[in-house]
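Undergrad: Build out the structure end to end from the sequences listed, making use of the hints.
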Amino acid sequence: MQIPYTVEARPDTGLYNAKLGIWLFLASEVMLFGALFSSYILLRTGDPGFMTIPHDVAEALGLHGEAHRWSDELSVPLAFVNTLVLIFSSITIVMSWASLRLKEFGKFRLWLGLTILCALGFMGIKAIEYSTKFAHHLYPETSNFLGIYFTLTGLHGLHVVGGLIVLVYLWGPGSKMWKTAPQRFINRVETVGLYWHFVDLVWIFLFPTIYLL
Amino acid sequence: MSLKAFHIFFIAVSVLMCLGVGAWGTNEYLAGGNGTGLGLAVMCLVLGAGLIVYGFKVYKKLSELDEK
Numbered sequence: 001m002q003i004p005y006t007v008e009a010r011p012d013t014g015l016y017n018a019k020l021g022i023w024l025f026l027a028s029e030v031m032l033f034g035a036l037f038s039s040y041i042l043l044r045t046g047d048p049g050f051m052t053i054p055h056d057v058a059e060a061l062g063l064h065g066e067a068h069r070w071s072d073e074l075s076v077p078l079a080f081v082n083t084l085v086l087i088f089s090s091i092t093i094v095m096s097w098a099s100l101r102l103k104e105f106g107k108f109r110l111w112l113g114l115t116i117l118c119a120l121g122f123m124g125i126k127a128i129e130y131s132t133k134f135a136h137h138l139y140p141e142t143s144n145f146l147g148i149y150f151t152l153t154g155l156h157g158l159h160v161v162g163g164l165i166v167l168v169y170l171w172g173p174g175s176k177m178w179k180t181a182p183q184r185f186i187n188r189v190e191t192v193g194l195y196w197h198f199v200d201l202v203w204i205f206l207f208p209t210i211y212l213l
Numbered sequence: 214m215s216l217k218a219f220h221i222f223f224i225a226v227s228v229l230m231c232l233g234v235g236a237w238g239t240n241e242y243l244a245g246g247n248g249t250g251l252g253l254a255v256m257c258l259v260l261g262a263g264l265i266v267y268g269f270k271v272y273k274k275l276s277e278l279d280e281k
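Protein sequences appear in the order of chains A and B.
Residue 1 is where the first sequence starts when you use our numbering, and the numbers rise one by one after that.
Residue 214 is where the second sequence starts when you use our numbering, and the numbers rise one by one after that.
These are calculated hints, taken from the structure and not from any lab test.
Take the hints with a grain of salt, since some may be wrong.
[As the list claims (entries may be wrong)] Straight-line Cα separation of at most 20 Å, SDA-like style, residue types lysine to any residue; simulated pairs:
hint : chain 1 : residue 1 : chain 2 : residue 2
1    : B       : K217      : A       : F88
2    : B       : K273      : A       : T92
3    : B       : K281      : A       : W23
4    : B       : K217      : A       : R101
5    : B       : K281      : A       : A9
6    : B       : K217      : A       : I91
7    : B       : K273      : A       : M95
8    : B       : K217      : A       : L102
9    : A       : K103      : B       : K281
10   : A       : K103      : B       : L275
11   : A       : K176      : A       : R109
12   : B       : K270      : A       : M95
13   : B       : K270      : A       : I91
14   : A       : K107      : B       : L258
15   : B       : K217      : A       : Q183
16   : A       : K103      : B       : V271
17   : B       : K217      : A       : K176
18   : B       : K281      : A       : K176
19   : A       : K103      : B       : D279
20   : B       : K217      : A       : Y16
Remember, it's a predicted structure, so these values are computed and weren't measured experimentally.
TA: Listed below in structure tokens is the structure:
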């Protein structure tokens with residue numbers, strides 16, 4: 001039996017199966033991250049001392065003088081570099097999809113390879129950031145702010161790793177489909193591109209709300 | 214929504230983020246002479262301008278690809 005609409009769009013929805021599936025999945029992701037962002041806003045607005053480092057903890061961290069904020073302990077330059085990396089990766093994944101549509105398989109692998117490198121770079125920088133926090137004995141249980149910080153950035157990092165696994169598969173063994181079913185392969189790359197853009201979009205909201213405000 | 218439309222939307226949100234971070238950095242510098250804030254503001258405004266130019270170019274290119 002042939003499954004319909006794996007390649008061509010269904011007339012009533014205008015979407016092929018995988019695209020409908022990824023948008024339903026992304027809708028559930030919006031609710032997941034939306035709930036966490038809402039928790040952060042409610043905790044922060046409900047507790048006047050949410051952002052303030054207690055005096056004894058500040059002393060232990062070597063911070064003296066006036067009151068310090070938890071967000072001051074986060075590395076804005078590293079987070080900004082990660083923002084640049086993810087914006088660039090969204091460009092490279094679109095270029096890989098466009099290359100396939102132009103039937104330029106070599107360019108597709110080049111652009112997708114760059115996207116994979118960006119994902120690895122992002123996780124590498126995130127690992128540096130986390131190790132610095134752990135070296136200063138800053139853990140999720142240290143404060144509500146750090147709990148939210150590790151939950152949101154950790155969940156986002158898991159999404160990057162998930163995307164990375166699929167990107168590597170499409171770059172390597174999964175790319176054999178290009179010879180047997182090219183349009184389905186183009187659709188797969190588009191679907192992964194939509195997911196990747198969502199992950200990037202989450203970071204675009206995470207960066208200013210957690211690191212700057 | 215296609216990848217093309219979502220990409221343009223993402224670039225538009227990124228430009229807004231750049232403007233917001235640029236304003237934040239400028240404010241930080243004016244309030245307390247924070248050099249990091251000023252550096253971040255300059256980089257974000259340059260990035261935002263670059264993304265606007267890129268957004269228009271990529272929209273044109275991908276529209277041409279749709280017509281093929």
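Undergrad: Next, verify each hint and record whether it holds.
TA: Tested hints:
no., hint, result
1, K217(B) <-> F88(A), "holds, 15 Å"
2, K273(B) <-> T92(A), "holds, 17 Å"
3, K281(B) <-> W23(A), "violated, 26 Å"
4, K217(B) <-> R101(A), "holds, 12 Å"
5, K281(B) <-> A9(A), "holds, 18 Å"
6, K217(B) <-> I91(A), "holds, 11 Å"
7, K273(B) <-> M95(A), "holds, 14 Å"
8, K217(B) <-> L102(A), "holds, 15 Å"
9, K103(A) <-> K281(B), "holds, 12 Å"
10, K103(A) <-> L275(B), "holds, 14 Å"
11, K176(A) <-> R109(A), "holds, 12 Å"
12, K270(B) <-> M95(A), "holds, 13 Å"
13, K270(B) <-> I91(A), "holds, 12 Å"
14, K107(A) <-> L258(B), "violated, 31 Å"
15, K217(B) <-> Q183(A), "holds, 17 Å"
16, K103(A) <-> V271(B), "holds, 18 Å"
17, K217(B) <-> K176(A), "violated, 24 Å"
18, K281(B) <-> K176(A), "violated, 25 Å"
19, K103(A) <-> D279(B), "holds, 14 Å"
20, K217(B) <-> Y16(A), "holds, 16 Å"
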